[in-house]
Amino acid sequence: MPDLPQVHPEVTWAQRSSGTDPERNYLYVNIKAADVARSDAKVDITAKNVTFSGNSKKGVRYHVSLDLFSEIEPENSKVNHSDREVELILRKKGLKEEFWPRLLETTQKIHFLKTDFDKWVDEDEQDDAPEEDYANNFGGFDGMDQGGLGNIDFSKLGAGLPTGGAGEPPAEGEESDDDEMPELEEADTKAGDKSAKIQEVS
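Each residue of the sequence shown is one higher than the one before, starting from 4 at the first, in the numbering used here.
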């Protein structure tokens, strides 16, 4: 069989933190690898790295190696593999209230790494997240092969690996949106010249 073209799957992530409860101190990482059979997928999780590879029915080989910002606990992490993606719940090793500033060790911008805005909450708002949250939605490694990745040359991946500056976008994006809103309202005020009109808009 000829070698399949190798591509980076899209990776999205969110996180929770806790200084006292390990169950609420984790990373939620989603690897978008469509049409990769469970039997043809390999996930290798260590304290500082997550590596995934698998051949897609679409004729490509997905492969990604993520060097994490800090350490996790592989034995307390979870994997769920569906037909469209691989979901990972990675338990952070240290109990801290503070969020990781980014997912990856590198500070470079990684093109395939994005913030999962559906699951992201700000650090000061995470106590308002549902009690069950996302970490307990599925069980353990259930059938996933946690072995190595054979002949994959990890040295070739490091150079092109994008980074986790994705930890900051949510905050930056939200702040910029908040900053712009007052300006828009002020513009409306100047244009209307009357506060009554602003109240009508509200």
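Simulated from the structure, these hints should not be mistaken for lab results. Among the hints, a few may not be true.
Here are the simulated DSSO-like cross-link-like pairs (lysine-lysine), alpha carbons at most 27 angstroms apart as the crow flies [to be verified]: (1) Lys112 x Lys51; (2) Lys117 x Lys51; (3) Lys122 x Lys35; (4) Lys61 x Lys51; (5) Lys112 x Lys45; (6) Lys99 x Lys112; (7) Lys99 x Lys45.
Derived CB-CB ranges, DEER-like [said to hold, decoys possible]: (8) Lys60 x Glu100: 15 to 21 angstroms; (9) Thr23 x Ser73: 14 to 20 angstroms; (10) Ser42 x Asn79: 22 to 28 angstroms; (11) Ala40 x Glu101: 36 to 42 angstroms.
Being a predicted model, the structure only gives us computed values, none of them experimental. Even for Gly, the Cβ is constructed at its ideal location relative to N, Cα and C.
Hints versus structure:
1. Lys112 x Lys51: Holds - the C-alpha atoms of lysine 51 and lysine 112 are around 19 angstroms apart, at most 27 angstroms.
2. Lys117 x Lys51: With Cα atoms ~19 angstroms apart, lysine 117 and lysine 51 stay inside 27 angstroms; holds.
3. Lys122 x Lys35: 15 angstroms, holds
4. Lys61 x Lys51: Outside the cut-off at roughly 30 angstroms; violated.
5. Lys112 x Lys45: Satisfied, since the Cα-Cα distance of roughly 26 angstroms is no more than 27 angstroms.
6. Lys99 x Lys112: The given pair, whose Cα atoms are some 25 angstroms apart, holds under the 27 angstroms limit.
7. Lys99 x Lys45: 30 angstroms, violated
8. Lys60 x Glu100: 15 to 21 angstroms: 43 angstroms, violated
9. Thr23 x Ser73: 14 to 20 angstroms: For serine 73 against threonine 23, whose Cβ atoms are near 18 angstroms apart, the range 14 to 20 angstroms holds.
10. Ser42 x Asn79: 22 to 28 angstroms: Given range 22 to 28 angstroms: holds, Cβ gap about 25 angstroms.
11. Ala40 x Glu101: 36 to 42 angstroms: Since the Cβ atoms of alanine 40 and glutamate 101 sit about 39 angstroms apart, the hinted range of 36 to 42 angstroms holds.
Hint check: violations occur at hints 4, 7 and 8; the rest are consistent with the structure.
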